[in-house]
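Work out the full structure, taking the sequences as your base and the hints as a guide.
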Amino acid sequence: SGAVHWFRASMFLAWERHVLAGGSDDSMSLLGIIDEDELYKLLGLTREYTLARANDAVGRYFAVGGVARFTKRKTAATEIVLPSAGSASDEQIMDELAIHEMEEEDAAVHRRTVERQEQQRDQRKAAVLKQYYGNTCMFCEVGLEIGDGKTYSEAAHIKALGKPHNGPDKKSNMLVLCPNHHLQFDRGVLRLHRVGEHYRIKSKSAGDTLNGKLIKAKHRINESYVKYHHDWHK
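So for the sequence shown, this note's numbering puts the first residue at -16; every next one is plus one.
A portion of the hints provided could be inaccurate.
To be verified - Cross-link-like lysine-lysine pairs, in silico, BS3-like; alpha carbons within 30 Å at most:
1) Lys187 with Lys146
2) Lys154 with Lys113
3) Lys113 with Lys217
4) Lys187 with Lys217
5) Lys187 with Lys113
6) Lys146 with Lys133
7) Lys113 with Lys185
8) Lys142 with Lys201
9) Lys210 with Lys185
10) Lys199 with Lys154
Claimed, not checked - Pairwise CB distance ranges (calculated):
11) Gly171 with Asp18: 29 to 35 Å
12) Thr29 with Ala189: 50 to 56 Å
13) Ala51 with Glu128: 25 to 31 Å
14) Glu21 with Trp215: 26 to 32 Å
15) Glu124 with Ala46: 48 to 54 Å
16) Glu128 with Val(-13): 22 to 28 Å
17) Lys187 with Ala(-14): 31 to 37 Å
18) Thr29 with Lys187: 23 to 29 Å
19) Lys187 with Val50: 33 to 39 Å
Hints listed in this document are in silico derivations from the structure and should not be mistaken for laboratory results.
These numbers come from a predicted model, not from an experiment.
Just so it is clear, CB atoms sit at the ideal spot from N, CA and C, and this is done for glycine as well.
Right, here's the structure in full:
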């Protein structure tokens, strides 16, 4: 039905953004971003409905080739490349047509809407995470007082946003830090390395009392982003 193809096309676009941003392309990771990025809210659907439909959609996503199918597109912007002869089912063709329609006919409106909603959602994610830590730095455990009983903290991205890093704006790629340690982390003066289920701070600053300190994060941190940051600043 049209609703099914709309849902699949929407999920395909979300998964492609995730993969192109450096995320894993296995089914568990793709299904995981439904909760991590609250995709069901973006689609205006219930979590239960989205998860139930997504199990079928992820299978179809791999059946049509995932992100790799775009390498089969020719240079003509309007040309659709469908699965090769003998392998294409009517359902696969309908999925490709639905995606093409969304990309070609509704791209401008969809892009503006998604970008606006993503910006709002990303701001909320950072705000919720900072509140979760009580606006207290995960490294020094100090809340910077700014008056009226309020404290200030910043959401630091482990794998930096933008080129050349292209890190994702996800909670699993964020730390809650004070401004000083945020800057030191961004510059690579402070890094993290895995110790069992936790992380230990490595400081390049001589005599830094933070060097060797064990950090017990209260939210899930993606180890691949930590390793990327650590290796980049060697």
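Checklist entry - Has the given pair, Lys146 with Lys133, been kept, meaning a C-alpha gap of at most 30 Å? => result Roughly 34 Å between the alpha carbons, so the hint for Lys146 and Lys133 is violated.
Checklist entry - Between Lys113 and Lys185, does the CA-CA distance stay at or below 30 Å? => result This hinted pair holds, its Cα atoms lying about 23 Å apart.
Item to check | Pairwise hint evaluation, Lys217 against Lys187, where the allowed Cα distance is 30 Å at most | outcome: holds (10 Å)
Next on the checklist: Taking 22 to 28 Å as the stated bounds, is the beta-carbon spacing between Glu128 and Val(-13) within them?
Outcome noted: At roughly 53 Å between Cβ atoms, Val(-13) and Glu128 fall outside 22 to 28 Å, so the hint is violated.
Checklist entry - Holds or violated: Lys187 with Lys113, Cα cutoff 30 Å? => result It holds: about 26 Å lies between the C-alpha atoms, which stays within 30 Å.
Checklist entry - CA of Lys210 to CA of Lys185, is that 30 Å or under? => result holds (13 Å)
Item to check | 30 Å Cα cutoff - pair Lys113, Lys217 | outcome: holds (28 Å)
Checklist entry - Quick one: are Lys187 and Ala(-14) within 31 to 37 Å, going by C-beta? => result violated (55 Å)
Item to check | Beta-carbon spacing of Glu21 to Trp215 - inside the hinted bounds 26 to 32 Å or not | outcome: Once the Cβ atoms are compared, 29 Å apart, the range 26 to 32 Å for Trp215 and Glu21 holds.
Item to check | Outcome for the supplied range 29 to 35 Å, where the beta carbon pair is Gly171 and Asp18 | outcome: Holds: the Cβ-Cβ distance is about 31 Å, inside 29 to 35 Å.
Checklist entry - Is it true that the CA of Lys187 sits at most 30 Å from the CA of Lys146? => result Since the Cα atoms of Lys187 and Lys146 sit roughly 25 Å apart, the hinted pair holds (cutoff 30 Å).
Next on the checklist: Can you confirm whether the C-alpha distance between Lys142 and Lys201 stays at or below 30 Å?
Outcome noted: This hinted pair holds, its Cα atoms lying about 19 Å apart.
Going down the numbered hints, you'll see the structure goes against 6, 13, 16, 17 and 18, while the others check out.
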